[in-house]
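Protein chains: 2
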Amino acid sequence: MIPTKEDILNVKELVSPHVHNTPVLHSSAINKMVGCEVFFKCENFQRMGAFKMRGATNAMLQLTSEQRERGVTTHSSGNFAQAVALAAKSLGIKATIVMPANAPSVKKEAVEGYGAKIIICESTLEAREAGAQEVVDQTGATFIHPSNDIDVINGNSTAAQELFEDHPDLNSIFAPVGGGGLVAGTALATHHLSKAKTYGGEPSGADDAFQSLIAGYIIPPVNINTIADGLRTQLGDQNFPIIKELVEDIFLVEEDEIVAAMRLVWERMKIIIEPSSAVAFAALYKNRDLFKGQKVGIIVSGGNVDVTKLPF
Amino acid sequence: MIPTKEDILNVKELVSPHVHNTPVLHSSAINKMVGCEVFFKCENFQRMGAFKMRGATNAMLQLTSEQRERGVTTHSSGNFAQAVALAAKSLGIKATIVMPANAPSVKKEAVEGYGAKIIICESTLEAREAGAQEVVDQTGATFIHPSNDIDVINGNSTAAQELFEDHPDLNSIFAPVGGGGLVAGTALATHHLSKAKTYGGEPSGADDAFQSLIAGYIIPPVNINTIADGLRTQLGDQNFPIIKELVEDIFLVEEDEIVAAMRLVWERMKIIIEPSSAVAFAALYKNRDLFKGQKVGIIVSGGNVDVTKLPF
Chain A
71 MIPTKEDILN VKELVSPHVH NTPVLHSSAI NKMVGCEVFF KCENFQRMGA FKMRGATNAM
131 LQLTSEQRER GVTTHSSGNF AQAVALAAKS LGIKATIVMP ANAPSVKKEA VEGYGAKIII
191 CESTLEAREA GAQEVVDQTG ATFIHPSNDI DVINGNSTAA QELFEDHPDL NSIFAPVGGG
251 GLVAGTALAT HHLSKAKTYG GEPSGADDAF QSLIAGYIIP PVNINTIADG LRTQLGDQNF
311 PIIKELVEDI FLVEEDEIVA AMRLVWERMK IIIEPSSAVA FAALYKNRDL FKGQKVGIIV
371 SGGNVDVTKL PF
Chain B
71 MIPTKEDILN VKELVSPHVH NTPVLHSSAI NKMVGCEVFF KCENFQRMGA FKMRGATNAM
131 LQLTSEQRER GVTTHSSGNF AQAVALAAKS LGIKATIVMP ANAPSVKKEA VEGYGAKIII
191 CESTLEAREA GAQEVVDQTG ATFIHPSNDI DVINGNSTAA QELFEDHPDL NSIFAPVGGG
251 GLVAGTALAT HHLSKAKTYG GEPSGADDAF QSLIAGYIIP PVNINTIADG LRTQLGDQNF
311 PIIKELVEDI FLVEEDEIVA AMRLVWERMK IIIEPSSAVA FAALYKNRDL FKGQKVGIIV
371 SGGNVDVTKL PF
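Line by line, the protein sequences are chains A and B.
The opening residue of the first sequence carries number 71 in our numbering; numbering runs sequentially from there.
The opening residue of the second sequence carries number 71 in our numbering; numbering runs sequentially from there.
None of these hints come from the bench; they were simulated from the model.
Heads up, a few of these hints could be off.
Which copy? The list can't say, so a pair holds if one copy fits it or any two copies do.
[Stated by the list, open to error] In silico DSS-like cross-links for lysine-lysine, where the CA-CA straight-line distance does not exceed 30 angstroms:
{"no.": "1", "residue 1": "159", "residue 2": "177"}
{"no.": "2", "residue 1": "187", "residue 2": "356"}
{"no.": "3", "residue 1": "177", "residue 2": "102"}
{"no.": "4", "residue 1": "75", "residue 2": "379"}
{"no.": "5", "residue 1": "356", "residue 2": "82"}
{"no.": "6", "residue 1": "164", "residue 2": "177"}
{"no.": "7", "residue 1": "379", "residue 2": "356"}
{"no.": "8", "residue 1": "159", "residue 2": "314"}
{"no.": "9", "residue 1": "314", "residue 2": "267"}
{"no.": "10", "residue 1": "365", "residue 2": "159"}
Values in this document were obtained by computation on a predicted structure and should not be read as measured data.
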């Protein structure tokens, strides 16, 4: 059930020509504050500004040529819409993206800019799913889920795979937890390629993965309230078994801790990270006493922020 | 009079162990918009967040051991204060920084954090110069000028030297023009190590270097009005001859062009650059028709911005 080392290495070979091997940055000021060596894997510098390019690309590369001809579809208001649109464009595949009416117009424009067809639907999960299903029914397009798809998860693992190539001796690695696709991919790479342990960071205001790990089964999020808009989603049956098996722990962080972590990284490292990415660093910072003297990797998931609407 | 190739190569060897060899980033989206390949030399990732670390370090490395024992001093409200403080700390030299009373408290704290002694003076150039002179008279400290000092200029040249190591085939290179120390150092490296031409970007609201190049002698700035706070200074007798000889042209940019360029780099490259750095890119962007198909380097001078007070 859980992808093997060979599986993820094969995916790495397949995906690498289509994505950036993003830089790993560090800061002596931050190391001093945290009390360990922190290595930031900068997926904010990835194509379209987020790690989601990796999973979307792999999902399409796994399609047969007949499937590719019929195209792909997804529903998303954010980064995954852009990832599918750009990956499809790069691979010469037709993409139809179902976007809720309340998606920011800048994101709609970006998706159109990549040449994808957009279908606007009501802003409910039901309407989004129905819209995507209609595309599948009418065109035979393959639906790609942003996080609960094993090809997407394997694609996401390539970020941590690159990080371990650069820094094979990491002791721990942190990823933010939203739909679970990134932390599951990160845990796969960590498990197969290192002796490190994988930790997740999750907002207290969307703590469904934390609760699910305790319960042992998937608990849907309730009363979601977090600035980390990329993490307002829930786990799925493809990624939860991996998380349950391979993620050491999930740490919760509060909203003010997310904003403070985001600001600290902006000011000290001079890089733009989105609130969801700050969650992973906030989780390390809050629990820094547990990681003293370690080498710790942080998957900076993305940098797509509206710079006119900052929380500081 | 103008430093030789051997001079700047020697400085590079001396300074390199004490500064970061900063990464060079690029963006296919930006290349497409500008119509040429643009390579951003990220001195915003330099120690203390700006290129000024390079010049300050070299100036101190050139001191005799007796001079080092007596310490160094400068007057500055901004990046150079931090650069001298941090370089002095790294080299075990005592630093006394004269800062105007109206300098942002965050910058005073940073200077103190590096262990330098601060003397607060009135917020006029006269008071600042008098304050620094008093330190020299009383302690025998060596005064280091932020831009009009040949050792500082040679130190600054190491940023472009590194850039040409990574990209020897650049056709043009842009630097912002304030006190003239960065563009002069950049022009030295470009002249001695490449076939490229050096261009300066300067705000219309502080166009003294542009006017000075036309006149052939130094014209002090009048009615300074620009968001690019690092560029509100004037040329000096050490850097102007180099600029006159080796800088191909200086392009003026308006305030809205500076802000737009800054925002474009933030949004597309996910890096934090200060308005002064945006001036160099804005100058290229405004004159992009002249550089079609070229490989162009941009010295991103720094990333020290108050993220709570953005112009967008």
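Okay, the hints, checked on the actual structure:
no. : hint       : in the structure
1   : 159 to 177 : within (16 angstroms within a copy, 46 angstroms between copies)
2   : 187 to 356 : neither (43 angstroms within a copy, 33 angstroms between copies)
3   : 177 to 102 : between (37 angstroms within a copy, 19 angstroms between copies)
4   : 75 to 379  : neither (42 angstroms within a copy, 48 angstroms between copies)
5   : 356 to 82  : neither (32 angstroms within a copy, 40 angstroms between copies)
6   : 164 to 177 : within (18 angstroms within a copy, 52 angstroms between copies)
7   : 379 to 356 : both (25 angstroms within a copy, 27 angstroms between copies)
8   : 159 to 314 : neither (35 angstroms within a copy, 48 angstroms between copies)
9   : 314 to 267 : within (13 angstroms within a copy, 58 angstroms between copies)
10  : 365 to 159 : between (38 angstroms within a copy, 26 angstroms between copies)
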